[in-house]
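Chemist: Going down the list, the sequences are from chains A and B. The first sequence lines up with residues 2 to 382 when you count with the working numbering. The second sequence lines up with residues 2 to 382 when you count with the working numbering.
Quick caveat, the hints were computed from the structure, so don't treat them as lab data. Warning: the hint list may mix true and false statements.
As the list makes no split between identical chains, a pair holds if one copy fits it or if it spans any two.
What the hints assert, rightly or not - Listed below are the simulated DSS-like cross-link pairs for lysine-lysine, each with C-alpha atoms no more than 30 Å apart in a straight line:
1. Lys217 to Lys100
2. Lys186 to Lys130
3. Lys238 to Lys336
4. Lys336 to Lys289
5. Lys52 to Lys234
6. Lys103 to Lys183
7. Lys217 to Lys103
8. Lys221 to Lys103
9. Lys186 to Lys221
10. Lys93 to Lys221
11. Lys234 to Lys336
12. Lys3 to Lys238
13. Lys238 to Lys100
14. Lys100 to Lys221
15. Lys93 to Lys234
16. Lys334 to Lys234
17. Lys238 to Lys103
18. Lys238 to Lys334
19. Lys334 to Lys93
20. Lys238 to Lys93
21. Lys103 to Lys133
22. Lys130 to Lys183
23. Lys3 to Lys334
24. Lys133 to Lys93
The structure presented is a predicted model; accordingly, all values stated were derived computationally and were not measured.
Protein chains: 2
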Amino acid sequence: MKREPFINNRLFCPGPTPVPDRVKHAALDTSLYHRSDDFYALFLDCCNKLKPIFGSDTLPLILAASGTGAMEAAMVNLTAAGDEVVVLNAGKFGERWEKLAKAYGCNVEVVRSPAGEAPGSDEAVAALKKLKSPRAIFMQANETSTGVRLPYEDIAQTVRSAFPHCLIVVDAISSLCAHPMKMEKMGIDCVVAGSQKGFGMAPGLAFIALSSRAWKSISKRERFYFDLERERKGQEKGRSAWTSPISLVQNLSEALLLIHEAGIDAVLAQHARHGAAARAAVHAMGLKLFPKGHYSDALTTVAVPQGLDGQALQNHLKSRYGAVFAGGQDELKGKILRFAHLGFVSRFDLLDGIAALEFSLKDLGWRFETGSGVGAAMRSL
Amino acid sequence: MKREPFINNRLFCPGPTPVPDRVKHAALDTSLYHRSDDFYALFLDCCNKLKPIFGSDTLPLILAASGTGAMEAAMVNLTAAGDEVVVLNAGKFGERWEKLAKAYGCNVEVVRSPAGEAPGSDEAVAALKKLKSPRAIFMQANETSTGVRLPYEDIAQTVRSAFPHCLIVVDAISSLCAHPMKMEKMGIDCVVAGSQKGFGMAPGLAFIALSSRAWKSISKRERFYFDLERERKGQEKGRSAWTSPISLVQNLSEALLLIHEAGIDAVLAQHARHGAAARAAVHAMGLKLFPKGHYSDALTTVAVPQGLDGQALQNHLKSRYGAVFAGGQDELKGKILRFAHLGFVSRFDLLDGIAALEFSLKDLGWRFETGSGVGAAMRSL
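Only chain A is shown next, with the shape it has when bound in the complex:
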């Protein structure tokens, strides 16, 4: 079906997220040399502006990699082969921790949650108790593949008091800027993040922050590209060990400026409002949420009902309305639709996404009152 005039593609997938003009234009000055005082100042300013977003009392580091690179950096700097670790696997990204830990020779105890459910602190502690001397526990803050927000603060506090020496590592790639992170206060030892989620820019940068405790406990292991001690020594002066992706750091600098102008608390509150409004819209359209509670405020996951073809719905949203939603991955393919409201998303962007979903559902024959989703969201806002 031919698309109406003036409809451009827009991203409603859980990363990359919409990029503000100011952020994308920041990379158009291509006269910056990464080994210059100008760049060192820009880089260090970014690290400093990341600090309150991580809630760390140490400097977060910037890596030239996608988020998985920061996950690998956490694994190879904080564990050694043979270390006992627990992985909370609540989906595709939990599985990534599991694969990483196994690839690097850890002795892994896995807590596997059914898709759409979140593990709790009891399960985390029970798994740790099975080990003689647990070195670390790995989890997500937000499991992007299912739209579940893990109770990471509660898990961290419970684990910290039961296992004072266990390092607590949280992948907050799709969570930072959407859900509160105060790693120092929450007792979290390592948080990893990526540029293309809450930071409203392209992928290609990964971020990692370690607690003072974690810095004192770096493991012995072969590593080079992801050697965090080397990075820390340089980045404290704005100098990355390896060539930094200059254009992406320029994007980041502008994005961080926008976040701090708005205020982190205001950004977090907006994500909470948008999450609630999106969920209200889903119910009003007669659809069900996929997660059993523990709803993410970064993305809303709809269970595709019987009688609707999930893949056809996703394709229709894109081809007819330019709305790029995400489907399910692996065994969830066709069964869920993921609608992200992460990063630089205004209430109008949110309503546009809901409206695109309503039009598509109507086109595909789903019976509900057109406008009910948008109306419910507006009342919720």
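Knowing the structure of chain A, use the given hints to seat chain B on it.
Modeler: Okay, now just chain B, sitting in the frame of chain A:
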């Protein structure tokens, strides 16, 4: 000293190199999702367009990393701990191969060349003969820290015939597009490159190509982020294992289009002309080249003469004329000045760089006939 009106900063450092407008603007469409057929097609097209630049008969892969990431990928996929390897160390980047090989537990035989000199095939073979069963030899095509172009083709052919099973690995990060690379024909097993050199775009992407022989000889070793077999399986369909830096791939796509429009042979010939012209200019200004032969066509390295302060010259070029040249690193600090003519550099850009150098030399009291460098370069062109 206050800068004259209308002088903008311009890069004459060996990476990042100047970025054409078409290349930078290609990243302004931020509606592309990396898990979509549109992106898979764009990505695969980039890999295919890299192939003739590497001269490989297999598909080059794109990694979300800076060039050092591709060096690490070569090391961890082609060697195992305890393997015997030779490293040709002709400067800071040769040293990086050495550090990488040692970090990953190889038994390393190093051929160290004095700064400004290149190792030859005799030295490579002599080093390999010291080992019982050499697994691989690592070298640079172009040693960026000194401006020396290694005789990599000759070394590769000699090593290939003397040690048929030894893998030959070449870091061509600052060489590709400036010096010919036909890895299959030259008998080279692995070539690594980076986006911010001959490709006229920002850093953040690394490239790696393996010969069919190398693909059949992947080592057993712990790896995850830089697992090339996993990448190959996906990238043959345009799907990177980890989230791809979308904006940088858009830049790359446009840059590769420009390179193929001009023709690779024309691009190589231009680098050769510019190298010769830059060297003629240096001599005409009464200065000396730092390398003892084996001149790079990617950058020209000037030996800072007695009576001139190298650091002051570099600072003056930048502050007064907006011309960002590179100095020496580590023990070469203040002793050399590096003038790059790599990537999307026209003859006018080249002349501008030479003119900026002339004006700066004159300001700092170096005695020569102003205009002699530019004139010599123009006659050479």
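Chemist: Indicate, hint by hint, whether the structure satisfies it.
Modeler: Verification of the hints:
Both within a single protomer and between protomers do Lys217 and Lys100 lie at most 30 Å apart by alpha-carbon distance, with minima of 26 Å and 24 Å respectively. For the homomeric pair Lys186 and Lys130, the shortest alpha-carbon distance inside one copy (24 Å) is at most 30 Å, but the shortest distance between copies (58 Å) is not. In this assembly of identical chains, Lys238 and Lys336 lie within 30 Å of each other by CA distance solely across copies; the values are 24 Å between and 48 Å within a copy. Only within a single protomer do Lys336 and Lys289 lie at most 30 Å apart by alpha-carbon distance; the minimum there is 12 Å, versus 69 Å between protomers.
In this assembly of identical chains, Lys52 and Lys234 lie within 30 Å of each other by CA distance solely inside one copy; the values are 17 Å within and 38 Å between copies. Only within a single protomer do Lys103 and Lys183 lie at most 30 Å apart by alpha-carbon distance; the minimum there is 29 Å, versus 38 Å between protomers. In this assembly of identical chains, Lys217 and Lys103 lie within 30 Å of each other by CA distance both inside one copy and across copies; the values are 24 Å within and 24 Å between. Taking the closest pair of Cα atoms, Lys221 and Lys103 come within 30 Å of each other both inside a single copy (17 Å) and across two copies (15 Å).
Taking CA atoms no more than 30 Å apart as the test, Lys186 paired with Lys221 passes inside one copy only; the shortest distance there is 27 Å, against 42 Å between copies. Within a single copy, Lys93 and Lys221 get their C-alpha atoms as close as 28 Å, and across copies as close as 26 Å, so both meet the 30 Å cut-off. When the C-alpha separation of Lys234 and Lys336 is checked against a cutoff of 30 Å, the pair qualifies only between copies, where the shortest distance is 26 Å, while the shortest distance within a copy is 47 Å. With identical chains, the CA atoms of Lys3 and Lys238 are at most 30 Å apart between copies only, with a shortest distance of 28 Å across copies and 54 Å within one.
Taking identical chains as interchangeable, the C-alpha atoms of Lys238 and Lys100 lie at most 30 Å apart only when they sit on different chains, with a minimum of 23 Å there against 34 Å within one chain. Proximity of Lys100 to Lys221 under the C-alpha cut-off of 30 Å is found in both arrangements, the shortest distances being 20 Å within a copy and 16 Å between copies. Taking identical chains as interchangeable, the C-alpha atoms of Lys93 and Lys234 lie at most 30 Å apart only when they sit on different chains, with a minimum of 19 Å there against 34 Å within one chain. Taking the shortest Cα distances, Lys334 and Lys234 sit within 30 Å of each other only across copies (21 Å), while inside one copy they are farther apart (44 Å).
Taking the shortest alpha-carbon separations for Lys238 and Lys103, only the inter-copy value of 27 Å comes in at or below 30 Å, while the best intra-copy value is 35 Å. In the homo-oligomer, the alpha carbons of Lys238 and Lys334 lie at most 30 Å apart only across protomers (19 Å), although the nearest pairing inside one protomer, at 46 Å, exceeds that limit. Within a single copy, Lys334 and Lys93 get their C-alpha atoms as close as 12 Å, which meets the 30 Å cut-off; across copies the closest is 48 Å, which misses it. Taking identical chains as interchangeable, the C-alpha atoms of Lys238 and Lys93 lie at most 30 Å apart only when they sit on different chains, with a minimum of 21 Å there against 36 Å within one chain.
Proximity of Lys103 to Lys133 under the C-alpha cut-off of 30 Å is restricted to the intra-copy arrangement: shortest distance 18 Å within a copy versus 33 Å between copies. For the homomeric pair Lys130 and Lys183, the shortest alpha-carbon distance inside one copy (26 Å) is at most 30 Å, but the shortest distance between copies (57 Å) is not. When the C-alpha separation of Lys3 and Lys334 is checked against a cutoff of 30 Å, the pair qualifies only within one copy, where the shortest distance is 26 Å, while the shortest distance between copies is 62 Å. In this assembly of identical chains, Lys133 and Lys93 lie within 30 Å of each other by CA distance solely inside one copy; the values are 28 Å within and 45 Å between copies.
Violated hints are absent here; each numbered hint is respected by the structure.
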